[in-house]
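> One letter stands for each residue in the lines below.
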Amino acid sequence: MDNDRPRRPGELAFAAVMLALAAFVLYQAHGISGFSSPSSPGVFPMLAAGAMVASGLVIVLRTRQMGLRGAAVGRFASEITPRRHIVFAGMIVAYMIALEPLGFLLSSFAFLLASIHYLYRKGIVVELVLSAGSLAVVYLVFRYVFTVVLPEGEIFR
Amino acid sequence: MSETLTYLTMAWFDPSLLFLTAVGTLAGIYVGAIPGLSVTMAVSILISFTFRWDVNDALALIVGIFMGGVYGGSRTAILLNIPGAPSAIATALDGFPLAQKGEAGAAIGLSTVMSVIGGFVGILALAVAAPAISEFALKFAPRDYLLLAIIGILLVGSLSGESLAKGVFAGALGVTLGMVGLDPLTAEGRFTFGSIQLMGGIPYVAAMIGFFGVAEALIQLHHVDTKPIKQNVSRIVPPLASWCCASCRCRCAHR
Chain P
1 MDNDRPRRPG ELAFAAVMLA LAAFVLYQAH GISGFSSPSS PGVFPMLAAG
51 AMVASGLVIV LRTRQMGLRG AAVGRFASEI TPRRHIVFAG MIVAYMIALE
101 PLGFLLSSFA FLLASIHYLY RKGIVVELVL SAGSLAVVYL VFRYVFTVVL
151 PEGEIFR
Chain F
1001 MSETLTYLTM AWFDPSLLFL TAVGTLAGIY VGAIPGLSVT MAVSILISFT
1051 FRWDVNDALA LIVGIFMGGV YGGSRTAILL NIPGAPSAIA TALDGFPLAQ
1101 KGEAGAAIGL STVMSVIGGF VGILALAVAA PAISEFALKF APRDYLLLAI
1151 IGILLVGSLS GESLAKGVFA GALGVTLGMV GLDPLTAEGR FTFGSIQLMG
1201 GIPYVAAMIG FFGVAEALIQ LHHVDTKPIK QNVSRIVPPL ASWCCASCRC
1251 RCAHR
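Top to bottom, those sequences are chains P and F. Per this note's numbering, numbering through the first sequence is continuous, rising by one, with the last residue being 157. Per this note's numbering, numbering through the second sequence is continuous, rising by one, with the last residue being 1255.
Treat the hints with caution; some may be incorrect.
Unchecked claim - Sample of chain P residues with no beta-carbon within 10 angstroms of chain F, all distances over it, derived:
#1 Pro6
#2 Leu12
#3 Pro38
#4 Gly67
#5 Phe104
#6 His117
#7 Tyr139
#8 Glu154
Claimed, not checked - According to the in silico footprint, chain F covers these stretches of chain P (three or more CB under 8 angstroms from chain F):
#9 28-34
#10 55-61
#11 90-99
Read the hints as simulated data drawn from the structure, not as lab findings. These figures come from a predicted structure and were not determined experimentally. Think of the CB as a built atom: it goes at the ideal place given N, C-alpha and C, for glycine as much as any other residue.
The shape of chain F in the complex, shown without the other chains (with noise of 0.2 angstroms):
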């Protein structure tokens, strides 16, 4: 235990470490924020950069990259509707109805305090439970996975507000669209239709670009000769009240 918190509380005390996670996480945002790049991308061009470095000094900005853009997606999908990551589908549905109405600053704010808050869970989940997580990992089998993606499938039916038939679809459109390529056991091709760039699967930055980005940019072409709207960017910070009652008014706003 005395080990673990050792290594836990080395990033925060170690100058040069707290520098480059800071360094690290503030490139990760810009990295999440564009759509065309992926997390695991940015993780991966960066291991060939750190492959020399102190293993603790190139871990402090693999994390800090990481972390940094996994929240960054939230940037875009706030502001332009359109997710940098997917983990920032669901951010879209909240922030971007806050950002119409000029709240974006609230929105970003309440994303940053959200994504803080759940970043330092994780940390002490991971450094507290790491093993006894990895123990119950380790006992997941295949129908455990199958449930898993169940209740992916029906939280995206719950959160689709208007009607949960289109959720539905929408959800069994997205697996549907995941199975294309070549299955992975006995690698028989589905839905390629004899094409051989259809083997590889649907990459999800393609799919994201044509569903969220182009969506977004004809949407936007109605607005072209409107006023943009002024964002209330004085208060980053949402106040303590805001917190419950944001989440209510803007799904309100998109009803």
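Isolated chain P, as found in the complex (with noise of 0.2 angstroms):
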């Protein structure tokens, strides 16, 4: 059971990060039609949220419960946020932003050239041939076998 094993570090900020999230979610339902009419569009919104803020506070008080192990802070370091973690997300939101302005292509080249570099290192070369070549069958797929419309991108339109 969840009980039996030591808090994970920054569970319990998680669980209550969820609950706040929860009860926005919960006051924006509020907000489409109140409680105006029992078939209201608002209503399935709010008895989901509802449903979210109760289980979220269950997790919240059962997550406080958990004994903690060893010091938090190191371990949240170590554990959830180590350097190629945030190294690597920093990259995927840098890809998110990059996608529309260079369209698909520049931008996926670059992403996977940057990812493939910083976790692999074997060589500029070898990691051109892998970037180029993975990002061509992915093109080639997309756009011509099931005709998926990708970014062109704003800049090189």
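With the hints as a guide, dock the two chains, each given alone in a separate frame, to form the complex.
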């Protein structure tokens, strides 16, 4: 069961953030149509958000009861947010931002090359071939076989 | 009844139809295994290709793609913990822990055997009871859909072995994400925050890649330096005794 294991670093804070998110969703759901009618568009959002708040409260209370093992701050840095995760999450965010202005091809190539270089480190030629090869396969399959419209980019349009 | 049986057996005894079904199934497995591509999308694209074909040939190919695609989602669910299709989400819960123990072959075999058996049961039920099932389906009223949805949410709660509260929270979050967009009856915006993009709702593929793909990629970053697990794929079809034990073992594994 959940209570048998020690609390993971950051688990209580995450549960609290989830509860706050649920409360915000409930507030937003109430704003859709309030309690005006049992078949109004806001009823199901309120029911779902209500279930989230109730279960979120249970999660927070149960997480608080769990024992904490070791120094929380040090373990949070080493287990949840090691440098590799921070860098990779940053690359994903940068890719998301670059996708629209640069287009799929350029931003995906840059993202693949950067992430393969960061994680694989087998020489620039291998990394270039891997990035270009995988991007070519993805592009051909999605663009020509399945005719998916991929972002062209605003700069090179 | 004899007419139904004729149509049922036609696809098995006509070599060209059997070939098209096999080709469709193989292509469907690839489509299903790619998280960005849905079976519905593949079938929609295929309709434009098969528009001028004979109806039986086209149906054989489309059925093959559909069946293969629904099954194919389990491959990435087992090997990468990223379901290729929404129908494979539950497969990831049991299949990925088996793959982590080097038994991906057994998991794929079990999933394949069960998919085949389930497919045959479905085909048989459809062939024998299609008229009765369609009559029953027509009796479904909105309240029945509501009850069905509630059963689905309760099932989510029971599937989340670690904590019921977390299962309910995740289920309710999923329902909330599914409600983003315009209300289907009144066209009133729900959780759109004034954004035009959100009015169309959140697509399944985007949500699945975000929840499963990115999450799994971040988890795998912990194991970049560890040696890959050698998978035992010598025997894909699992022995009969392991069928009942496999689900018990992997439940214990992810507890």
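> For each hint, tell me whether it holds in the structure or not.
Structure-based check of each hint:
1. Pro6: Correct as stated: the minimum Cβ-Cβ distance to chain F is 14 angstroms, above 10 angstroms.
2. Leu12: Per Cβ check, Leu12(P) is outside 10 angstroms of chain F; nearest 14 angstroms; holds.
3. Pro38: Holds, because the least Cβ-Cβ distance between Pro38(P) and chain F comes to about 12 angstroms, which exceeds 10 angstroms.
4. Gly67: holds (17 angstroms)
5. Phe104: Non-interface label stands for Phe104(P): nearest chain F Cβ at 12 angstroms, farther than 10 angstroms.
6. His117: holds (13 angstroms)
7. Tyr139: Nearest chain F Cβ is 12 angstroms from Tyr139(P), so the label holds.
8. Glu154: Glu154(P) clear of chain F: closest Cβ-Cβ about 16 angstroms, beyond 10 angstroms.
9. 28-34: holds (count 4)
10. 55-61: holds (count 4)
11. 90-99: Check failed, 1 qualifying residues.
The structure fails hint 11 only (numbered hints given earlier).
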